[in-house]
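Trainee: Based on the hints, put chain S in the right spot on chain E.
Chains as they are written, first to last, in this note's numbering: chain E, 1 to 912; chain S, 1 to 912.
One or more hints might be untrue.
Copies of the same chain are indistinguishable here, so a pair counts whether it falls within one copy or spans any two.
Stated by the list, open to error - Here are the computed lysine-lysine pairs in the DSS-like style, where the Cα-Cα straight-line distance is at most 25 Å:
hint: 1; residue 1: 21; residue 2: 92
hint: 2; residue 1: 646; residue 2: 382
hint: 3; residue 1: 20; residue 2: 97
hint: 4; residue 1: 134; residue 2: 205
hint: 5; residue 1: 511; residue 2: 191
hint: 6; residue 1: 747; residue 2: 67
hint: 7; residue 1: 747; residue 2: 246
hint: 8; residue 1: 831; residue 2: 747
hint: 9; residue 1: 676; residue 2: 511
Worth flagging that the hints you see were computed from the coordinates, not collected in a lab.
Protein chains: 2
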Amino acid sequence: MAKKKAQQKAAGKYVYLFGKKTDGNGSMKPLLGGKGANLAEMCRIGLPVPPGFTITTEVCTYYYAHKRTYPAALRAQMQAGVAAIEKQTGKKFGDLKNPLLVSVRSGARDSMPGMMDTILNLGLNDQTVEALAKKTGNPRFAWDCYRRFVQMYGDVVLGVQKRPDEDHEPFETVIETLKHERHHEGIEDTKLTVEDLKELVARFKALVKQRAGKAFPSAPWDQLMGAVGAVFGSWMNDRAIVYRRKYNIPSEWGTAVNVQAMVYGNTGDQSGSGVAFTRNPANGTKEFYGEFLINAQGEDVVAGVRTPSPVSELKKQLPKAYQELERIRHTLERRFKDMQDFEFTIEDGIVYMLQTRNGKRTAMAALKISIDMQKERLIDWKTAVERNPADQFEQLLAPVFDPAEVAKAPVIASGLPAGPGAASGRIYLNADRAVAAAERGEQVLLARLETSPEDLRGMIAAEGILTARGGVSSHAALVARQMGKVCVCGAAALEVDYQGRVVRVAGETFKEGDWMSIDGTAGKVYAGQVKTAPSEIVAGLIDDNAAAKKTEKFRDYQQLMKWCDAATRMVVRTNADTPEQTRNAIAFGAVGIGLCRTEHMFFEGDRIDAMRQMILADTLVARKAALAKLLPYQRDDFAGIFRALKGHPATIRFLDPPLHEFLPHSPDQQQALAKKLGVPTDVIESRVRQLHEFNPMLGLRGCRLGIAFPEISAMQARAVFEAAAIVQKEGMKVRPEIMIPLVGFKKELDLQLEVVHQAARDVQAEQKVKLKYLVGTMIEAPRGALTADEIAQSAEFFSFGTNDLTQMALGMSRDDSGSFLPQYAELEIVKKNPFATIDQTGVGQLVEIAVTKGRQSRPNIKLGICGEHGGDPASIRFFETVGLDYVSCSPYRVPVARLAAAQARLANKVGR
Amino acid sequence: MAKKKAQQKAAGKYVYLFGKKTDGNGSMKPLLGGKGANLAEMCRIGLPVPPGFTITTEVCTYYYAHKRTYPAALRAQMQAGVAAIEKQTGKKFGDLKNPLLVSVRSGARDSMPGMMDTILNLGLNDQTVEALAKKTGNPRFAWDCYRRFVQMYGDVVLGVQKRPDEDHEPFETVIETLKHERHHEGIEDTKLTVEDLKELVARFKALVKQRAGKAFPSAPWDQLMGAVGAVFGSWMNDRAIVYRRKYNIPSEWGTAVNVQAMVYGNTGDQSGSGVAFTRNPANGTKEFYGEFLINAQGEDVVAGVRTPSPVSELKKQLPKAYQELERIRHTLERRFKDMQDFEFTIEDGIVYMLQTRNGKRTAMAALKISIDMQKERLIDWKTAVERNPADQFEQLLAPVFDPAEVAKAPVIASGLPAGPGAASGRIYLNADRAVAAAERGEQVLLARLETSPEDLRGMIAAEGILTARGGVSSHAALVARQMGKVCVCGAAALEVDYQGRVVRVAGETFKEGDWMSIDGTAGKVYAGQVKTAPSEIVAGLIDDNAAAKKTEKFRDYQQLMKWCDAATRMVVRTNADTPEQTRNAIAFGAVGIGLCRTEHMFFEGDRIDAMRQMILADTLVARKAALAKLLPYQRDDFAGIFRALKGHPATIRFLDPPLHEFLPHSPDQQQALAKKLGVPTDVIESRVRQLHEFNPMLGLRGCRLGIAFPEISAMQARAVFEAAAIVQKEGMKVRPEIMIPLVGFKKELDLQLEVVHQAARDVQAEQKVKLKYLVGTMIEAPRGALTADEIAQSAEFFSFGTNDLTQMALGMSRDDSGSFLPQYAELEIVKKNPFATIDQTGVGQLVEIAVTKGRQSRPNIKLGICGEHGGDPASIRFFETVGLDYVSCSPYRVPVARLAAAQARLANKVGR
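The shape of chain E in the complex, shown without the other chains:
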């Protein structure tokens, strides 16, 4: 089947031109990749783009479906593409007079910085190099291009790379050896002579032959096909896979390949390469922001080896080019209506655009840019809402350094503020050791000269990233921005000694494991650990701090949340067990409690003793006596929560965990408890043994407890209603929603309903009040979802307990799956951790079934979700789609959930 389909496609269009004739446009990202589509779009709006063509992502898919081969029609279409470039540039591929050189770059649908490989100067060989030298009158330039090309191609396409037993890259070793032989030690590569370069090319080729077992290809078409294969091949390299996993990019998307005429930033002092942003990607300020290197190719800027200069300096050095770039910057924003991250090359004073894409930005920048662009009428308020990435939004609530503490801390270096926020940690100089330290539970800062894709795992593990070299578009800055990591880069005062595993700065030596602190908003590095304080938003909302409320960040946040409220359908509640948690969540905009776990209340102070007495009781009378002690505690807790809610509803879950969780398990603790309660130790031992279960997750818990011991539910119901009566008499509205956990059978709920309603009748009669309340259930066993039509006959609401639903539907214990889930992610069995983001295909079906069946029986049934997924943006999108009434999450996730719920609604609406 797949083969047949592919054969039909073989007659399709695989190559899209851009330049004077442009086949594609900016909307064709899935087919042309982000880079290819935007190159086409820039051509369409008249920006200066060197001509080229894009090989579609479908070819990548074909490549992997057909044992790494290409569709038959590809070659001819590529030839036509090369001919079009030749026509526009007047050069010819492999020509001995005016040879065309091309770059070959990857370009996936979403940009994947640093992940894919690039080949420059393709088309050079021993003949064309001479032609280039002659044509440009610059043999040094030509041979330097050739040297770079052989090195890059040898590395990326032919796999000549550092072996574990080597200290350096083999090509670098060849260069160092030559410099040593010719007494050039320490000179820059740019100072190598034509003869040096010729010798290097020869030695590089010999190295390639030795290592790769075959000669370096000299025919340009062989070079081109090899490079295209290498780009496709790199789609499945480890770094790309790690990246895709972190950002949940399906491997099926594939990458496109862009073949484009070369332009040169390294032809002399009127040339250069740069990377820029239409606004500041770290904090969102509307300014031309970026950096460049004179007399350099683009790769040099991103690699972070030489520290580039800010674009503002271009104004002085190449004012015409600067003016052109300013024009381009505005054109780009007007066209793409978003902050752009673009690459340019200046060849002999002429600006060429090599790429543009929506710029990655920090959550803080995203907030400011979205608010500003709406003010500028570039986007409407709904788009502004959509522009804030919900999964990074929590960064805005992350602590900053405590102003008092930070004033006392010694600043040891300054650098570029590449990832805002505050982070303290023990420094590690290598990714592996950083990961190991983080796994030991340490707080880690990754400190390096510069970072490269190999450091990705270490960056993920670290609280913050600190580099001595590289600018705001260096790998470290890009990745930190995207991940929301605190980052200071280019802190040149740091001497990072990989060998000695120390960082020397300001006359001090910091060993691995020593503490440093970095302020990624201010670009400052401190010695030691610095205390943090709440972010302005938290300070404004929770602490009612007037100064914080005046900050732009706070005002922008409030504006965004106002829009979110206007856009949203699904409201956000919170999971809270105390009045304080409740107050915080309400301050963050929660409109009630979606899950109040009553068992947490039994652990405080003396309560646990009464709870244990209850569990150890072997008669109903003794159990009721112990429960009577617990009742006032619960009543007071509920009253406090009701007051904090200020009239909002509270879903209160009755006792859920297995009873053994309340009893001590070690002999010492058991003896102590025995003494305290005045019972023989063996009574406790035997009860613990009796309560032992092989699979407690599937044992005597949830409503099974309330059914076995209805007096527990009766006590809890009485505590709820007594508290409600008290608070209602104080003049406040109270809306308890009692939730019976783990219901799989309607009859279970019915039995508990009787107990609850009886308590309600009793309390209302005793207290002479009328109470409004609901009784519902958690849908967390698959059977509950499958028989939701029956259960909804009795349940006034459902709350999806997606944690347990996931555990049961997948047959995976959250506590135990650590032994295989990481491997499952690596093998792409699961695309995302199903306990973090709901498994829509499996668990999601159960939710959909329950929603449909529940509404069949009770059209106005209230539907919510209170599992961990309630604070996860991807899951919230799903819950909006199935039409839940609310999600519930922990207090500090409430803003994220509000944003995600609003975005989900906007995405769901027809016409948007």
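Mentor: Same frame as chain E, but now just chain S:
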């Protein structure tokens, strides 16, 4: 809603007449109950039935839905019913000249022997008793009726019963006291004088007033309404609930009430009452079978107090009545086409029919009757198949006493062969102690004078039942027959001493806890324990015993199985892990293995050591070395199984349980293992700790093992294919079907598929053979069922692992649910144990979803089930409905499953 509906029904028909005018017929059992429908039917075919009417089961439902009240229209319809009886009998209810007396009896849809209560002689009071005396000229008879009525009504309707502090029934105490006062000690009740009886009535009424707090009702209509209420009330008594639970009768069905003119078996020597069967219900012989008591009411026969005479003696005593009964017996079988169990009363030589119903019978009787009736052309072969109750069919395979052993055993008593089979056990004389002993794990015989409904729990717990009194229609015999218990009743030589807790017989004294053995086929009682031998069917099939094959039982069984094969669509496989189990299952008619659990093979002999080495290995090399030791064992096992299968397919499940199950857990065992394997103890300890899981059911098991350690699957696959190659070269067909357990994601299966196919390619190349095999999966995680469309793209078959599917869908661990499932059954949260009979509403939905989706992706996918439910008739009916291709069960359940599968198919076919 329910109320409104019921009010509409209030205008309906609640009372159905029978007699000269008959409203109902035999097909109306749901509405009229079994007794009412058959009374109507007997009237229609002209049998002599005293007139009466039936109050429908809808009234019972109404009664419980409306706080034990009746529909408004009921009273008027009952009055019309009484009028009709009056008209036909010429008597009048409450009349002072010719008073009508009636019986009031329950009658549920399915007969529930001994469960419901009956009132006789209703309508008597101080006035009508005189009229009856005058009319019959028999004051003794009239007063005896009155005495019985007050006693029965006082007991059943007014609740005057033995209190825990009393030794005897209070009415019996009154009788004994009177006898003592009047020096009548020891005389039979029939010898009491009219004066005695009058005095008894007075004292009974005083007792009622004292105990019940109100006077005995004298108005006949008050009596009647009270009796009807008592029948409905008894529907919810404990005995009835226990019975319904055992036989899975929904409580919603309710019971009908039959009100019928009295006829008298106690008017003298030309009168009597009896219970009879149209064939022998214990062994199926075609003979008039039953028993009667001269000058007795029906209750006396069933109560087992007097031992009745066989019906054959009626031929001599009342030849005309005997002739009439013989005629009726044939009429009944011709009309009902099934063996009937009927009650009759002879009043002054005239036969009256009080009831008929399909007779309960042993599995052995069911088999013979079904085969015989087909030969007699009373029924067709399909009906014959349906007539064998599948859930009792296993009885036919139950062991009998070993002929050699039983010849040496001392016969200590003989009785009626009331429940065929052989049972040895320790005797207990009371239900509570029998239950307690069984719970301790003892094999128990319940030995009693006679049994009553109070003994039900004890009867369920016992291997066999032995009574000293009572005939083949006594309570003990009826219940034993229905439950398939071995039973000898009426073994009059036994002296059962409840007080001393001993049984004295043949000069010996047997204390509680002493062994006895009973042969319920021969009616013999032996001292001590007697060894058993396989039943004729097992001997014939498994042992190829020629003598066994000549028995009628064996031949009937073979005939039935032939018909089953003709009727069935869904075939039966077996769960077998050894060649012997496989051979047995094939002999029982299995057509392959549905589940071969490979882990069982790792426990035998030295293998466990290699297995443990494999688990303890911390390198791939070490693991592979240990696996290499296991390979030959597995290969030999598989080869043995393939040979035993004789070409049938074998579904082989790869390693499934968590690895810790293979390691020792106590310090002693760990030390021993350390010594044996030459590794430090702490390596073992630490591995055990590392493998510990909170919920192993949801942990690292199933295919997760094979994915973590592909070399395990590779070894298992190689073992399967090498064994297949060996046996195939021996000239036998081999059909391995490799089953990957616990698949929830298609990718899991895909990864294991690669390993399996690689092993297949390797072995085929090495051995130069071509092997046919399938690879499929177990659907046992809910996600597997929900994404069956995806999984079926890779799976060539599904086997439903309904054990785990039940555990996960219900969130109930089989091992842990013992702490609440019994209560769940009592509260009717679950109707049946979901681990014994599939929970069709919940788990069944997952099966249906998977079947539908699986077939969508792969129309010819093979579908089976290998959980415990594969041997359960009720579950098999469901699997037939959803269209599975096979069920798989343990070898000794294969015959049951074949019968159940055939019956399910017959029930499913349109037009049947």
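Trainee: Each of the hints needs a verdict: does it hold here or not?
Mentor: Results for each hint:
1. Taking the shortest alpha-carbon separations for residue 21 and residue 92, only the intra-copy value of 18 Å comes in at or below 25 Å, while the best inter-copy value is 111 Å.
2. In this assembly of identical chains, the alpha carbons of residue 646 and residue 382 never lie at most 25 Å apart, being 30 Å within a copy and 71 Å across copies at closest.
3. Proximity of residue 20 and residue 97 under a CA criterion of 25 Å is satisfied intra-copy only: 24 Å inside one chain copy versus 122 Å between copies.
4. Taking identical chains as interchangeable, the C-alpha atoms of residue 134 and residue 205 lie at most 25 Å apart only when both belong to the same chain, with a minimum of 23 Å there against 134 Å between chains.
5. In this homomeric assembly, residue 511 and residue 191 never come within 25 Å of each other (Cα to Cα): the closest approach is 36 Å inside a single copy and 112 Å across copies.
6. When the C-alpha separation of residue 747 and residue 67 is checked against a cutoff of 25 Å, the pair qualifies only between copies, where the shortest distance is 19 Å, while the shortest distance within a copy is 57 Å.
7. Taking the closest pair of Cα atoms, residue 747 and residue 246 come within 25 Å of each other only across two copies (19 Å); inside a single copy the shortest separation is 44 Å, beyond that limit.
8. Proximity of residue 831 and residue 747 under a CA criterion of 25 Å is satisfied inter-copy only: 11 Å between copies versus 38 Å inside one chain copy.
9. Proximity of residue 676 to residue 511 under the C-alpha cut-off of 25 Å is found in neither arrangement, the shortest distances being 50 Å within a copy and 47 Å between copies.
When each numbered hint is compared with the structure, violations occur for hints 2, 5 and 9.
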